[in-house]
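Construct the complete structure from the given sequences, taking the supplied hints into account.
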Amino acid sequence: MASLTINGKAFEIDAEADTPLLWAIRENAGLTGTKYGCGIAQCGACTVHLDGAATRSCGVTVGEAVGKQITTIEGLAAGGMLHKVQQAWIDNDVPQCGYCQSGMIMAVTALLRDKPKPSDADIDEAITNICRCGTFQQVREAIHAAASA
Amino acid sequence: MTHMPVLSRRSFVIGSAAVGSGLALGLDLPFGGPGVVRAADGSPEVNAWVVIRPDDTVVIRIARSEMGQGTLTGLAQLVAEELECDWSKVTTEYPTPGQSVARKRAWGDFSTGGSRGIRTSQDYVRKGGATARMMLVQAAANEWNVPVGECSAASSVITHKPSGRTTTYGKVVEAAAKLSPPADVKLKEPKDWRIVGKGVKRLDTADKTTGKMIYGVDVTLPGMLNAAIKDCPVFGGRLKSFDDSKVVAMKGVKKVVKVGDSAVAVVADTWWHAKVALDALPIVWDEGDNAKVSSASIAKWLEEGLDPAQPAFIGNQNGDAKAAVAGAARKVEAVYSYPYQNHATMEPMNATALYTADKCEVWTGTQNGEAAFAAVLEASGLPADKCDVHKLMLGGGFGRRGMTDYVRQAVTIARQMPGTPIKLIWSREEDMQHGRYHPITQCKLTGAFDADNNLTALQVRLSGQSILFSVRPDALVNGMDPAAFQGLAPQGEAAIGYSLPNLLVEHSMRNPHVPPGFWRGVNVNHNAIYLECFMDELALSAGQDPLDFRRKLMGKHPKHLAVLNAVAEKIGWTTPPPKGVFRGIAQHMGYGSYVAGATEISVTDGNKIKVHRIVAATDPGYAVNPAQIERQIAGSFVYGLSALFYGGLTVKDGRIEENNFDTYNSMRISEMPKVESIIMPSGGFWGGVGEPTICVAAPAVLNAYFAATGKRIRSVPLRNHDISFA
Numbered sequence: 001m002a003s004l005t006i007n008g009k010a011f012e013i014d015a016e017a018d019t020p021l022l023w024a025i026r027e028n029a030g031l032t033g034t035k036y037g038c039g040i041a042q043c044g045a046c047t048v049h050l051d052g053a054a055t056r057s058c059g060v061t062v063g064e065a066v067g068k069q070i071t072t073i074e075g076l077a078a079g080g081m082l083h084k085v086q087q088a089w090i091d092n093d094v095p096q097c098g099y100c101q102s103g104m105i106m107a108v109t110a111l112l113r114d115k116p117k118p119s120d121a122d123i124d125e126a127i128t129n130i131c132r133c134g135t136f137q138q139v140r141e142a143i144h145a146a147a148s149a
Numbered sequence: 001m002t003h004m005p006v007l008s009r010r011s012f013v014i015g016s017a018a019v020g021s022g023l024a025l026g027l028d029l030p031f032g033g034p035g036v037v038r039a040a041d042g043s044p045e046v047n048a049w050v051v052i053r054p055d056d057t058v059v060i061r062i063a064r065s066e067m068g069q070g071t072l073t074g075l076a077q078l079v080a081e082e083l084e085c086d087w088s089k090v091t092t093e094y095p096t097p098g099q100s101v102a103r104k105r106a107w108g109d110f111s112t113g114g115s116r117g118i119r120t121s122q123d124y125v126r127k128g129g130a131t132a133r134m135m136l137v138q139a140a141a142n143e144w145n146v147p148v149g150e151c152s153a154a155s156s157v158i159t160h161k162p163s164g165r166t167t168t169y170g171k172v173v174e175a176a177a178k179l180s181p182p183a184d185v186k187l188k189e190p191k192d193w194r195i196v197g198k199g200v201k202r203l204d205t206a207d208k209t210t211g212k213m214i215y216g217v218d219v220t221l222p223g224m225l226n227a228a229i230k231d232c233p234v235f236g237g238r239l240k241s242f243d244d245s246k247v248v249a250m251k252g253v254k255k256v257v258k259v260g261d262s263a264v265a266v267v268a269d270t271w272w273h274a275k276v277a278l279d280a281l282p283i284v285w286d287e288g289d290n291a292k293v294s295s296a297s298i299a300k301w302l303e304e305g306l307d308p309a310q311p312a313f314i315g316n317q318n319g320d321a322k323a324a325v326a327g328a329a330r331k332v333e334a335v336y337s338y339p340y341q342n343h344a345t346m347e348p349m350n351a352t353a354l355y356t357a358d359k360c361e362v363w364t365g366t367q368n369g370e371a372a373f374a375a376v377l378e379a380s381g382l383p384a385d386k387c388d389v390h391k392l393m394l395g396g397g398f399g400r401r402g403m404t405d406y407v408r409q410a411v412t413i414a415r416q417m418p419g420t421p422i423k424l425i426w427s428r429e430e431d432m433q434h435g436r437y438h439p440i441t442q443c444k445l446t447g448a449f450d451a452d453n454n455l456t457a458l459q460v461r462l463s464g465q466s467i468l469f470s471v472r473p474d475a476l477v478n479g480m481d482p483a484a485f486q487g488l489a490p491q492g493e494a495a496i497g498y499s500l501p502n503l504l505v506e507h508s509m510r511n512p513h514v515p516p517g518f519w520r521g522v523n524v525n526h527n528a529i530y531l532e533c534f535m536d537e538l539a540l541s542a543g544q545d546p547l548d549f550r551r552k553l554m555g556k557h558p559k560h561l562a563v564l565n566a567v568a569e570k571i572g573w574t575t576p577p578p579k580g581v582f583r584g585i586a587q588h589m590g591y592g593s594y595v596a597g598a599t600e601i602s603v604t605d606g607n608k609i610k611v612h613r614i615v616a617a618t619d620p621g622y623a624v625n626p627a628q629i630e631r632q633i634a635g636s637f638v639y640g641l642s643a644l645f646y647g648g649l650t651v652k653d654g655r656i657e658e659n660n661f662d663t664y665n666s667m668r669i670s671e672m673p674k675v676e677s678i679i680m681p682s683g684g685f686w687g688g689v690g691e692p693t694i695c696v697a698a699p700a701v702l703n704a705y706f707a708a709t710g711k712r713i714r715s716v717p718l719r720n721h722d723i724s725f726a
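Taken in sequence, the protein lines are chains A and B. Under the numbering used here, the residue at position 69 of the first sequence is numbered 69, and the numbers go up by one with no gaps. Under the numbering used here, the residue at position 595 of the second sequence is numbered 595, and the numbers go up by one with no gaps.
FYI, nobody ran anything at the bench for these hints, they're computed from the structure. None of the values given here were measured: they were computed from a predicted structure. Watch out, some of these pointers could steer you wrong.
[Stated by the list, open to error] If you anchor each label on the Cβ, the simulated ranges turn out as follows: (1) B:Ser241 to A:Asp120: 20 to 28 Å; (2) A:Glu125 to B:Asn478: 52 to 60 Å; (3) A:Glu125 to B:Glu174: 36 to 44 Å; (4) B:Ser245 to A:Ala17: 24 to 32 Å.
[What the hints assert, rightly or not] Each computed BS3-like pair below joins lysine-lysine, with the alpha-carbon atoms no more than 27 Å apart: (5) B:Lys212 to A:Lys9; (6) B:Lys191 to B:Lys178; (7) B:Lys89 to A:Lys84; (8) B:Lys212 to B:Lys191; (9) B:Lys674 to A:Lys115; (10) B:Lys104 to B:Lys186; (11) B:Lys104 to A:Lys68; (12) B:Lys359 to B:Lys258; (13) B:Lys89 to B:Lys255; (14) B:Lys212 to B:Lys240; (15) A:Lys117 to B:Lys674; (16) B:Lys652 to B:Lys552; (17) B:Lys570 to B:Lys556; (18) B:Lys171 to B:Lys186; (19) A:Lys115 to B:Lys359; (20) B:Lys191 to A:Lys84; (21) A:Lys84 to A:Lys115; (22) B:Lys552 to B:Lys570; (23) B:Lys255 to B:Lys240; (24) B:Lys161 to B:Lys191; (25) B:Lys652 to B:Lys300; (26) B:Lys331 to B:Lys711; (27) B:Lys258 to A:Lys84; (28) B:Lys240 to B:Lys254; (29) A:Lys117 to B:Lys556; (30) B:Lys89 to B:Lys198; (31) B:Lys104 to B:Lys359; (32) B:Lys559 to B:Lys188; (33) B:Lys89 to B:Lys188; (34) B:Lys674 to A:Lys84.
[Stated by the list, open to error] Partner residues are not named here, just some residues of chain A that face chain B (Cβ under 8 Å, in silico): (35) Phe11; (36) Trp89; (37) Asp124.
Cβ coordinates follow ideal geometry from the N, Cα and C atoms, glycine included.
Below, the structure is given as structure tokens:
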């Protein structure tokens, strides 16, 4: 058993300490917005925030996440209001299949916290998620739109 | 080569069984009728395509699958256009294949591949919308006791012009649903469209930004267990034995089961527990003779097929190319090749199955609901009225999810645990190593010039794998795979855009044991590289500009030429590029659409490419949603250039070597420039959108790379040439 704090709520998780956080979030906490893509921290589909930092949850264990604030895509909207990045995603019609977009949005929200007005070069450096549909053009436009929202 | 690869016959059985096991029924597209059919919430169907709720919400039924390509929204636009409904009140739902079969295939074909989602159903879905509108207007006229000709509909409101009375669809739908459908239905002229042709927002975006969208992998059912699977890594091999005593006591493990004759699965409380136990499970494979096959042995076998003495199918021929080449003043020859590629959808293959003695239901993302349904019937042994498939959003398809191997596996596992829902998820490694791969081919091209520097002949000799041979042998024509000539055909939806006095296009079919599948763009990917890079080689030999050289051969192909001219103009072909920047151009045709691409790149140290600009044009006949077409064009460049730079799978000991994104990489945002799209629908035909443009991505970059370096690259991927993104 492990105690995890996800989206501000306490979860008693029946998983071994070496279980990847991704699977504890999906299977034990039942929050399926965080996606499995590769399991080796390459694609970024499983990106969540750990104490505010964008983190690939397939590469972190439950044991390592204990005591940290975990934020998933489900915890991004606050007080019934979408996060400005989510709103920019809707306004710019970003997702195609959408499977990578939870991770993409989590990576972008962390970027905007560090750099509220990112340049294209900042985006190139910080956003390394794979999108097989190829939504990059809309992702870039929506990041700039969110930054100026 | 000492060993001839052996083709697995299993895929044959799957393909033909799909037709035989309950779907070989007549097609009966209903446009309404006397008996009122009700949706699950009690709202009446006006016909199979349209349900209207009392609050005026319009539910449009969509048979094709949404996998990111926008078909769901595009088809809804087509129905809504004719229905004259309020677009802001439109929502969609999928009928199930089981419901469709029970209603004599009321929704027609569910297959979502070949860029057909819109173009092959636009006619009957528009008719569905128009019929429903006429019935709704008739119902209002009946209620008012006025001639129907005095009434009209707009934005879900029906107006009786002389009196100014109005009502809404939601108020008359009960009466409309009882009417007989009109016999004569006239569709609107494209010039009168007001929803079709507009880049309206997708209908499925909001839930994709909040984590609420449910993909197959997210399905949760009461009492559900999870399964992880390993199939024999050598295609065509078998499962010999496994020692489950080593894992049955591991945490969460419920059962270890054989799946067919080649796979084993661990079923556990969570998927993670299942995967950990599967990794610990001792398995012995009977790999069979295919274990002797390697990339080198396949390449050698394909190379032999380039020899004109070997038998080949002729896909396009005019004049006498062999004689013209023999008598040529000058000959140009080159050999190209294209490797295996994996679809690598972001969501690995998965399906959830619940089997009981008298029912089998499956929840999954599929590009072909009816094929998945047929697979459920066959794997469960139950009849059509006891089975169904519930389609979910696909985390990418690109052709992979038109196959049903993973559905069959899930049912086979669930059948061994009746009453318990089983969610089968493939690991990324399983997904990479059990794909239905882009086929492998080689191609020898020969061009002949006369003494006056005119191109007199072209020979294109393909050697390699046929997808249809493995997946749809019923579609072969006297053994020949017509699709192998995609983009090189004499006419039709994938016609070559050049006229030559002497032309010969042949295919020496050679089918290695690695299973092929339809991979976004399918055969145009390699055919466009072969033809369009070689066109540049011919232009160079002739001492002509690549664009001018092409244009001279395209006089009888005005639509091919129009898209080529459009990209040339936009990239500024006739004005010099910025210093250090070089251009490439390509055109092709596939899926009924005409496409062209032009790029500007720079090259550092001879091997580091930066793509500065991409211009792409398409003429798909009609553009239902230009905003989505733009996204499909840009996305297909990401997919195509990922394959060019990072892709390419190798075969060792009969299996695919690459097993995750660290060895089979994909482009990132930093590597991708903005794509400048030109959407130029010329009308009069319906072409596809999701796939056609991908094929010009690679040749437009390869031709620019030659312009920059003088080096002609004739094989994919670029990483094998030590070429990377800058």
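Hint check against the structure, violated hint numbers in rising order: 1, 3, 6, 8, 11, 13, 14, 16, 19, 20, 27, 29 and 35
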